[in-house]
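J.: Guided by the hints, dock chain U onto chain B, whose structure is given.
There are 2 protein chains.
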Amino acid sequence: MYTVKSINKLVKEFSNLPGIGEKSAQRLVFFISRTSKEYGKRLIEAIREVMEKVKYCSVCGSVTESDPCPICQDRTRDKSIICVVEEPWDVFVFEKTGKFRGLYHVLGGAISPTKGMNPQDINIGGLLKRVKTHKIREVILATDPNTDGQATALYIAKLLKGRGISVTRLGMGLPVGGDLEFADEDTLSHALEGRRAM
Amino acid sequence: MYTVKSINKLVKEFSNLPGIGEKSAQRLVFFISRTSKEYGKRLIEAIREVMEKVKYCSVCGSVTESDPCPICQDRTRDKSIICVVEEPWDVFVFEKTGKFRGLYHVLGGAISPTKGMNPQDINIGGLLKRVKTHKIREVILATDPNTDGQATALYIAKLLKGRGISVTRLGMGLPVGGDLEFADEDTLSHALEGRRAM
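Respectively, the protein sequence lines represent chains B and U.
Letter by letter, the first sequence follows residues 1 to 198 in this note's numbering.
Letter by letter, the second sequence follows residues 1 to 198 in this note's numbering.
The following block holds chain B by itself, in its conformation from the complex (with noise of 0.2 Å):
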């Protein structure tokens, strides 16, 4: 078969990356071939950076160029309250809403038996300690909302039990600018009994 070596190589590395099927990563490599040197001089030297510069926050466990993170390091913000999310990016979702004053928690994902995702593999210990050591008012358990997501809630809200902690979960129900029609069983439910009054 024709193959050409430096093509085949970044074919293949691209589709390491998430969501990048061979097909996907053939036409990246493509346009990389014959895209402008100055595009892949910036391509090359913003990957560059993020592997440098991007760490974890010791803190809460978010992507971040400074440790603490620039949340946890902002006096404005109410340190009684900590929204524990999967991922990272989880943190940049929630930001975009402008909406939460509080602090995060990066659990780096959820407990699953069927991926073998145990307790001890996410971040809950952290959790614990900053529980513990800082006076916290309450914990919105933001995990997603699907079954791994949902077992992580439930043992996470157990831990927290009895130690006068507020622990919420978000509200499920219809997603904003969606159709009835398309709505499942299971999000129909939550939606049915999150109902309000108007």
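Derived by calculation from the structure, the hints in this document are not laboratory data.
All of these numbers come straight from a predicted model, not from anything done at the bench.
Certain hints may be false.
Identical copies look the same in the list; a pair holds intra-copy or inter-copy alike.
As the list claims (entries may be wrong) - DMTMM-like mimics (lysine to aspartate or glutamate), calculated; alpha carbons at most 20 Å apart, straight line:
#, residue 1, residue 2
1, Lys9, Glu52
2, Lys5, Glu49
3, Lys99, Glu86
4, Lys129, Glu52
5, Lys12, Glu49
6, Lys5, Asp74
7, Lys5, Glu52
8, Lys41, Glu52
T.: Only chain U this time, still in chain B's reference frame:
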């Protein structure tokens, strides 16, 4: 809004790639931010290599590390048949089948009035030159089976008329492995027209 500068920068650069939206770019960047240093180095090196080594074949217009490309230089290939495709990656698709032993000609696009692509914007001139200066028996017009590809094939077929060259188009019909119920009307019409005795 809380952001990490180097992450934002790479998200922006990744979003320039074809088929990568902001969400996918974020996913890729977070993956890279926590992948191994070795993978990051390999990825950067592979991008650099493609940028440095890959060029266009001066004969057929495909991507290659040597000019002319290995296919154009291959003495065992049938130099009297040219398969005309839109993009370099189409060459790789054909080569994967292992069924074509002729040469290629990459147009670098298709005629598309809606996209402002005129006949002079794609490499038809190079094809006519090859046809004039070499003994060509057949030209297979393997442009994409869509409106632009069809228009391009018709345009080139007209130019090649009366030169004693057999001009053919790829057979259109049902994709192998597909389901009849998912076939669109145009495809099914072509499949009917192109039916064969069993």
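J.: Next step is simple, just say for each hint if it's right about the structure.
T.: Status of the hints after comparison with the structure:
In this homomeric assembly, Lys9 and Glu52 come within 20 Å of each other (Cα to Cα) only across copies, at 14 Å, whereas the closest approach inside a single copy is 23 Å. In this homomeric assembly, Lys5 and Glu49 come within 20 Å of each other (Cα to Cα) only across copies, at 10 Å, whereas the closest approach inside a single copy is 27 Å. When the C-alpha separation of Lys99 and Glu86 is checked against a cutoff of 20 Å, the pair qualifies only within one copy, where the shortest distance is 19 Å, while the shortest distance between copies is 49 Å. Proximity of Lys129 and Glu52 under a CA criterion of 20 Å is satisfied in neither setting, with 29 Å inside one chain copy and 51 Å between copies.
For the homomeric pair Lys12 and Glu49, the shortest alpha-carbon distance between copies (13 Å) is at most 20 Å, but the shortest distance inside one copy (22 Å) is not. For the identical chains of this complex, Lys5 and Asp74 are inter-copy neighbours only, at 17 Å across copies versus 49 Å inside a copy, given an alpha-carbon limit of 20 Å. Taking the shortest alpha-carbon separations for Lys5 and Glu52, only the inter-copy value of 12 Å comes in at or below 20 Å, while the best intra-copy value is 28 Å. Taking the shortest Cα distances, Lys41 and Glu52 sit within 20 Å of each other both inside one copy (16 Å) and across copies (11 Å).
The structure fails to meet hint 4 from the earlier list, while all remaining hints are met.
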